[in-house]
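S.K.: Single-letter residue listing:
There are 4 protein chains.
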Amino acid sequence: MSYRELKEQVFEANMELHHRKLVVYTWGNVSQIDRDKGVVAIKPSGVAYEDMKVDDIVVVDLDNNVVEGKMRPSSDTKTHTHLYRHFESIGGVTHTHSTYATAWAQAQQPIPCYGTTHADYAYGDIPVTAVMSDEQIKRDYEEETGVQITDCFKDRSPVETPMCIIAGHAPFTWGKDAAQSVYHAVVLEEMAKMAYLTRTLRPDVQPLKQAIIDKHYLRKHGKNAYYGQN
Amino acid sequence: MSYRELKEQVFEANMELHHRKLVVYTWGNVSQIDRDKGVVAIKPSGVAYEDMKVDDIVVVDLDNNVVEGKMRPSSDTKTHTHLYRHFESIGGVTHTHSTYATAWAQAQQPIPCYGTTHADYAYGDIPVTAVMSDEQIKRDYEEETGVQITDCFKDRSPVETPMCIIAGHAPFTWGKDAAQSVYHAVVLEEMAKMAYLTRTLRPDVQPLKQAIIDKHYLRKHGKNAYYGQN
Amino acid sequence: MSYRELKEQVFEANMELHHRKLVVYTWGNVSQIDRDKGVVAIKPSGVAYEDMKVDDIVVVDLDNNVVEGKMRPSSDTKTHTHLYRHFESIGGVTHTHSTYATAWAQAQQPIPCYGTTHADYAYGDIPVTAVMSDEQIKRDYEEETGVQITDCFKDRSPVETPMCIIAGHAPFTWGKDAAQSVYHAVVLEEMAKMAYLTRTLRPDVQPLKQAIIDKHYLRKHGKNAYYGQN
Amino acid sequence: MSYRELKEQVFEANMELHHRKLVVYTWGNVSQIDRDKGVVAIKPSGVAYEDMKVDDIVVVDLDNNVVEGKMRPSSDTKTHTHLYRHFESIGGVTHTHSTYATAWAQAQQPIPCYGTTHADYAYGDIPVTAVMSDEQIKRDYEEETGVQITDCFKDRSPVETPMCIIAGHAPFTWGKDAAQSVYHAVVLEEMAKMAYLTRTLRPDVQPLKQAIIDKHYLRKHGKNAYYGQN
Chain Y
3 MSYRELKEQV FEANMELHHR KLVVYTWGNV SQIDRDKGVV AIKPSGVAYE
53 DMKVDDIVVV DLDNNVVEGK MRPSSDTKTH THLYRHFESI GGVTHTHSTY
103 ATAWAQAQQP IPCYGTTHAD YAYGDIPVTA VMSDEQIKRD YEEETGVQIT
153 DCFKDRSPVE TPMCIIAGHA PFTWGKDAAQ SVYHAVVLEE MAKMAYLTRT
203 LRPDVQPLKQ AIIDKHYLRK HGKNAYYGQN
Chain P
3 MSYRELKEQV FEANMELHHR KLVVYTWGNV SQIDRDKGVV AIKPSGVAYE
53 DMKVDDIVVV DLDNNVVEGK MRPSSDTKTH THLYRHFESI GGVTHTHSTY
103 ATAWAQAQQP IPCYGTTHAD YAYGDIPVTA VMSDEQIKRD YEEETGVQIT
153 DCFKDRSPVE TPMCIIAGHA PFTWGKDAAQ SVYHAVVLEE MAKMAYLTRT
203 LRPDVQPLKQ AIIDKHYLRK HGKNAYYGQN
Chain F
3 MSYRELKEQV FEANMELHHR KLVVYTWGNV SQIDRDKGVV AIKPSGVAYE
53 DMKVDDIVVV DLDNNVVEGK MRPSSDTKTH THLYRHFESI GGVTHTHSTY
103 ATAWAQAQQP IPCYGTTHAD YAYGDIPVTA VMSDEQIKRD YEEETGVQIT
153 DCFKDRSPVE TPMCIIAGHA PFTWGKDAAQ SVYHAVVLEE MAKMAYLTRT
203 LRPDVQPLKQ AIIDKHYLRK HGKNAYYGQN
Chain E
3 MSYRELKEQV FEANMELHHR KLVVYTWGNV SQIDRDKGVV AIKPSGVAYE
53 DMKVDDIVVV DLDNNVVEGK MRPSSDTKTH THLYRHFESI GGVTHTHSTY
103 ATAWAQAQQP IPCYGTTHAD YAYGDIPVTA VMSDEQIKRD YEEETGVQIT
153 DCFKDRSPVE TPMCIIAGHA PFTWGKDAAQ SVYHAVVLEE MAKMAYLTRT
203 LRPDVQPLKQ AIIDKHYLRK HGKNAYYGQN
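Those protein sequence lines, which keep their order, are chains Y, P, F and E. For the first sequence, the working numbering assigns the number 3 to the initial residue and increments by one for each residue that follows. For the second sequence, the working numbering assigns the number 3 to the initial residue and increments by one for each residue that follows. For the third sequence, the working numbering assigns the number 3 to the initial residue and increments by one for each residue that follows. For the fourth sequence, the working numbering assigns the number 3 to the initial residue and increments by one for each residue that follows.
Everything labelled a hint here was simulated from the structure, so no lab data went into it. Nothing here was measured: the structure is a model prediction, and the numbers come from that model. Any given hint might turn out to be false.
Repeated chains share a single entry, so a pair holds when one copy, or any two copies, can fit it.
[What the hints assert, rightly or not] Below 20 angstroms or equal to it, Euclidean Cα-Cα: the simulated DMTMM-like pairs (lysine to aspartate or glutamate) are:
#1 Lys72 - Asp206
#2 Lys217 - Asp142
#3 Lys178 - Glu90
#4 Lys23 - Glu52
#5 Lys222 - Glu144
#6 Lys222 - Glu146
#7 Lys39 - Asp65
#8 Lys39 - Asp157
#9 Lys72 - Asp58
#10 Lys211 - Asp136
#11 Lys225 - Asp65
#12 Lys225 - Glu144
#13 Lys55 - Asp153
#14 Lys156 - Asp127
#15 Lys211 - Glu144
#16 Lys211 - Glu146
#17 Lys222 - Asp136
#18 Lys80 - Asp122
#19 Lys217 - Asp136
#20 Lys178 - Asp36
#21 Lys217 - Glu145
Let the sequences and hints guide you as you build the complete structure.
M.R.: Right under this line is the structure:
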């Protein structure tokens, strides 16, 4: 894939985030990796979606050096590249401050799997990171945000649960490419809203039983999936 | 009615669900039965509303065999046909994951009749199914979802209460045809939102008294109805 | 004013209710009185806003007899005419099932005056009616709904508080004409939403102190008002 | 800057408030100061956004005398000019009754800093004023509203926290010019919504730790800021 194609796909995925109304002003960014070339295309920092053009997308390498582009890349770039380095199967990453997912992040609680809407996309609860230590903050804040996320996935698969919420901050989602990571950001926000309503309606409600979680997840994923046209 | 006409009506009803913003991505499906021909037209599985065409609608018989169409029918088809086999008076079925109705389903609680908005469309509370047993899940998940619903209507009329919520899942609604089942899906979502707000505002609130439920239901339904132009 | 002009104003006010997204399907109706002629123009029963035309508006007298129009008037007509007979200063009435105002009605609680947004339009809390007795329901349901409202205003002015919520049902608002009654319906819904959020955020919050209620109400109303251009 | 330019900027900022759906009817107003000329341009009182023209914007001096314009200025003008006189670094002021920020004002509680969305724009909690005393109300209500705000900033910087909520009333925000004060009004409403959801989801949640507040605030503000393109 040429840089141009990569930048076009990242531009479209960023604009989709805007059209789905998941971002207020510039509060979000999407990237995609070209693993053959070892480069990542990402939204420029602080640029309004209404004004952004394909050529504003910045290409960086996995050490966060700008390879192509005149603008400064997203201030969250180090978190993106950390995820690409540690989650080898992913191709796209999205960060938003979408309202309900951010509320769960601020409440510093994982989002329980209360129903099949959730189970269709994520296997079990959506993990919340630990609060960052003072040392981490001083060291390299955006890199450490990535560390917080990958620490949550030491014993679980980032493919089975393509999303995470950062305590006191907001969500990150990922997928096979930029477009799918945006898709997961939209899904997460709706899951987070449903879970908020469920919890406030009945605080003592229990998560969905494991057998239904398995059934729904496997209905859409894996060898014997039978949802969709493929 | 020709297959073509049936498919057009089902297509329009599915698109209405999309226009009313009751579905995120592909999270919903509408069907309609032609009882003379013994066939059901239904949305294809996993197809985006933006891309769907009339010819993508799939026609199946009541044993879930595809009669016409190149695509795979909705993964929820067995639930739809179960309802058509057991509720003889209905002509259309809608399934959504609409936000507030799904929250009640996830809270595993029936939606109480708190007011006349509810009483105008459903006689008494909106039933919630039992949580599916492990055996049912293994047996035939989508067929058993239908069984869960019809089990709720052993002692009540599916005409008087054209809707049900599935514990840990989401709502199903029905009506005389596809269009009316969508109408009921829209009504249910608004009822569910009002009930959520009522319950969180005043957790000890009691349901509407029976005499008003009777009055409002009968104002719109039955021999002496006097709402509307007919 | 000719019947034609009266019907046009009532048509426009009904459509404004639709454009402001205060009604789902046909759940609302607006009327206006011509006191010289002793007639009221009102929305026809059960007609969709998308299909309604000026000539569908029905003109009735204060005894609810149709004076002009081919359609059946709103099933709530008797409530409207009751209000016109008892509140001599009003010229328009609006009924909706707007979401937050209906939630308060279902919770069977008055809406407290928590802030100046409320105090700018209504003097004190928004009263909620008693629940209707079985005898009233049997007698004449829609007429008795009017009685419920006027009973709330025995000791307060319908001009100072141009709105009321019916226990277990929904709101009615009024004003100098149809347009202003719709304006008050929009204001009430926003007030009801703000009050819901305030109460759930802090259940023990107290209403606004009387001196500020007086100040804000009188800033907009009465001889010494100084808000606006008149 | 000519009066014409000043009025155009204030007009555009007011219309942005309308387009961002932060105002119902006329419930909001934006102003901007020209410190060289000692004049403030502000929205006229009670004029609908749909009808407003650039020439309706009113120019007043810092003693609230009309310098140019045929209309009466916003009834909140004295609050605006009080802020310009006391906060010397600000250039624009916005007042709204946006839903969630107003709910916090009505709950008479400061908005805690629960996350980085908040910390990116305001340093610490958003202060709520005291409830106005009866004497203040009698003295000069709108001027005293300004006093209430400036009293909250005796020990904090209005640049670091460009917003405040008035107990029992609604928010004021400010910035380097009218446009930025509107930007802060949009940000505040989203912060207030996220904080409402966080608090109701988990009432005992603690504010964000100080080290992260410092990090995020300084990432966007001050000498070593590295967000955006400048």
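S.K.: Evaluate each hint against the coordinates.
M.R.: Hints, one by one, checked against the model:
1. When the C-alpha separation of lysine 72 and aspartate 206 is checked against a cutoff of 20 angstroms, the pair qualifies neither within a copy, at 53 angstroms, nor between copies, at 46 angstroms.
2. Taking the shortest alpha-carbon separations for lysine 217 and aspartate 142, only the inter-copy value of 11 angstroms comes in at or below 20 angstroms, while the best intra-copy value is 41 angstroms.
3. Taking the closest pair of Cα atoms, lysine 178 and glutamate 90 come within 20 angstroms of each other only inside a single copy of the chain (10 angstroms); across copies the shortest separation is 45 angstroms, beyond that limit.
4. In this homomeric assembly, lysine 23 and glutamate 52 come within 20 angstroms of each other (Cα to Cα) both inside a single copy, at 13 angstroms, and across copies, at 18 angstroms.
5. In this assembly of identical chains, the alpha carbons of lysine 222 and glutamate 144 lie at most 20 angstroms apart only when taken from different copies (14 angstroms versus 33 angstroms within one copy).
6. Taking CA atoms no more than 20 angstroms apart as the test, lysine 222 paired with glutamate 146 passes between copies only; the shortest distance there is 18 angstroms, against 33 angstroms inside one copy.
7. In this assembly of identical chains, lysine 39 and aspartate 65 lie within 20 angstroms of each other by CA distance solely inside one copy; the values are 13 angstroms within and 52 angstroms between copies.
8. Taking the closest pair of Cα atoms, lysine 39 and aspartate 157 never come within 20 angstroms of each other, the shortest separation being 30 angstroms inside a single copy and 54 angstroms across copies.
9. Taking CA atoms no more than 20 angstroms apart as the test, lysine 72 paired with aspartate 58 passes inside one copy only; the shortest distance there is 7 angstroms, against 43 angstroms between copies.
10. Taking CA atoms no more than 20 angstroms apart as the test, lysine 211 paired with aspartate 136 passes between copies only; the shortest distance there is 9 angstroms, against 38 angstroms inside one copy.
11. Neither within a single protomer nor between protomers do lysine 225 and aspartate 65 lie at most 20 angstroms apart by alpha-carbon distance, with minima of 36 angstroms and 25 angstroms respectively.
12. Proximity of lysine 225 and glutamate 144 under a CA criterion of 20 angstroms is satisfied inter-copy only: 19 angstroms between copies versus 37 angstroms inside one chain copy.
13. Taking CA atoms no more than 20 angstroms apart as the test, lysine 55 paired with aspartate 153 passes in neither setting, with 35 angstroms inside one copy and 45 angstroms between copies.
14. Proximity of lysine 156 to aspartate 127 under the C-alpha cut-off of 20 angstroms is restricted to the intra-copy arrangement: shortest distance 15 angstroms within a copy versus 35 angstroms between copies.
15. Taking CA atoms no more than 20 angstroms apart as the test, lysine 211 paired with glutamate 144 passes between copies only; the shortest distance there is 17 angstroms, against 36 angstroms inside one copy.
16. Taking identical chains as interchangeable, the C-alpha atoms of lysine 211 and glutamate 146 lie at most 20 angstroms apart only when they sit on different chains, with a minimum of 16 angstroms there against 34 angstroms within one chain.
17. Taking identical chains as interchangeable, the C-alpha atoms of lysine 222 and aspartate 136 lie at most 20 angstroms apart only when they sit on different chains, with a minimum of 19 angstroms there against 41 angstroms within one chain.
18. When the C-alpha separation of lysine 80 and aspartate 122 is checked against a cutoff of 20 angstroms, the pair qualifies only between copies, where the shortest distance is 18 angstroms, while the shortest distance within a copy is 30 angstroms.
19. In the homo-oligomer, the alpha carbons of lysine 217 and aspartate 136 lie at most 20 angstroms apart only across protomers (10 angstroms), although the nearest pairing inside one protomer, at 42 angstroms, exceeds that limit.
20. For a Cα distance limit of 20 angstroms, the shortest separation of lysine 178 from aspartate 36 inside one copy, 11 angstroms, qualifies, whereas the shortest one across copies, 42 angstroms, does not.
21. Taking CA atoms no more than 20 angstroms apart as the test, lysine 217 paired with glutamate 145 passes between copies only; the shortest distance there is 14 angstroms, against 36 angstroms inside one copy.
The structure shown violates the earlier hints numbered 1, 8, 11, 13.
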